[in-house]
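Colleague: Numbers given in our numbering equal positions in the sequence shown, counted from 1, plus 10.
One or more of the hints may lead you astray.
[As the list claims (entries may be wrong)] Below 27 Å or equal to it, Euclidean Cα-Cα: the simulated DSSO-like pairs (lysine-lysine) are:
#1 LYS155 x LYS103
#2 LYS36 x LYS260
#3 LYS234 x LYS13
#4 LYS129 x LYS45
#5 LYS290 x LYS248
#6 LYS129 x LYS103
#7 LYS13 x LYS297
[What the hints assert, rightly or not] Here are the simulated distance ranges between beta carbons:
#8 GLY161 x PHE296: 44 to 54 Å
#9 GLY161 x ASN204: 23 to 33 Å
#10 ARG120 x SER278: 20 to 30 Å
#11 ARG247 x PHE118: 23 to 33 Å
Read the hints as simulated data drawn from the structure, not as lab findings.
Ideal Cβ placement from N, Cα and C applies to all residues, glycine included.
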Amino acid sequence: MSKKDSIIPIVTPFVNNKIDTELFIKHGENLLKNKMDFLFMAGSTGLGPSVTPDERKKLVDAFLYTPDNIILQCGSINLEDSLDLARYAKSNKIHAVAALPPYYFTGFKREWLVNYFLKISNIYPTIIYNYPGTTGYDITYDIIKDIRKAGGNIIGIKETTYDMHEILSVKDNIDDIRVYTGPDEYVLSAYRENLDGYVSGAGNYAYRYLNIIAENYSNETGRKAQLAVNSLAALARKYGPWSATYNLVKIITGNDVGQPREPIMPLSDNDARSLEVEAKKLMDGFKF
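Full structure from sequences and hints, please.
Modeller: As structure tokens, this is what we get:
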């Protein structure tokens with residue numbers, strides 16, 4: 011089986027609602043050191059919709075010494091911003107851009123979606139970020155075919171959906187596309203279904219378990235490691251995943267990654283203490 015891409019939607023560290031580049035670099039370097047392949051910048055876990063285009067460029071700048079490890083999420087409801095970020099990606103020769111489709115606006119016409127992704131991917135190779143739960147519509151394999159037929163350079167898709175039939179349909183119907191699972195719970199499935207890799211927000215703190223899955227996907231140890239990831243992700247959701255992820259990084263890895271940006275608030279002191287107790291107890295239950 012070919013190697014799978016491990017893609018981590020890296021958290022964006024904020025201090026007083028401003029990006030702390032030093033904390034960002036320290037955390038990103040730790041992820042790369044621990045065998046994670048790509049830093050997916052300004053994704054959902056990185057609070058991407060709250061990160062301005064200039065701030066996204068700042069995130070890229072922090073890792074320009076290793077550009078092939080960078081995937082920049084450039085999707086926006088402002089196409090000009092997305093195109094500008096795609097041009098910035100091209101000028102710095104990063105691995106690829108990813109793009110959410112335009113969100114908020116419902117009833118988006120198919121030809122509008124094709125035009126949107128065509129324009130971005132004509133500038134730089136693009137991974138579609140399919141997240142129906144936040145955008146309200148689904149990017150299916152036939153839409154990708156339409157984009158490519160029009161000349162778009164779509165190289166992959168991140169499927170943030172629990173519909174494995176849909177995920178596999180992209181792989182089965184398009185030959186040369188890289189398909190990535192998005193839910194934390196589907197890392198093991200990416201290996202067992204022979205997809206191209208995964209994007210895992212839990213990887214910010216649970217990369218040790220992700221590496222165990224990679225090495226043991228066909229046996230019981232891999233299944234137990236996936237259960238550990240599932241349990242930690244569920245714990246984050248219990249306390250509020252956008253905030254709790256920041257705490258879990260510090261609890262598990264020891265790295266300070268600042269706080270989320272308002273309007274998303276950090277956990278209260280009581281919740282932070284309770285999360286730490288539960289996380290440590292949970293990890294004590296998984297011995298590898």
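Colleague: Check each numbered hint from earlier against the structure, then list the numbers of those it violates in ascending order.
Modeller: 4 and 10
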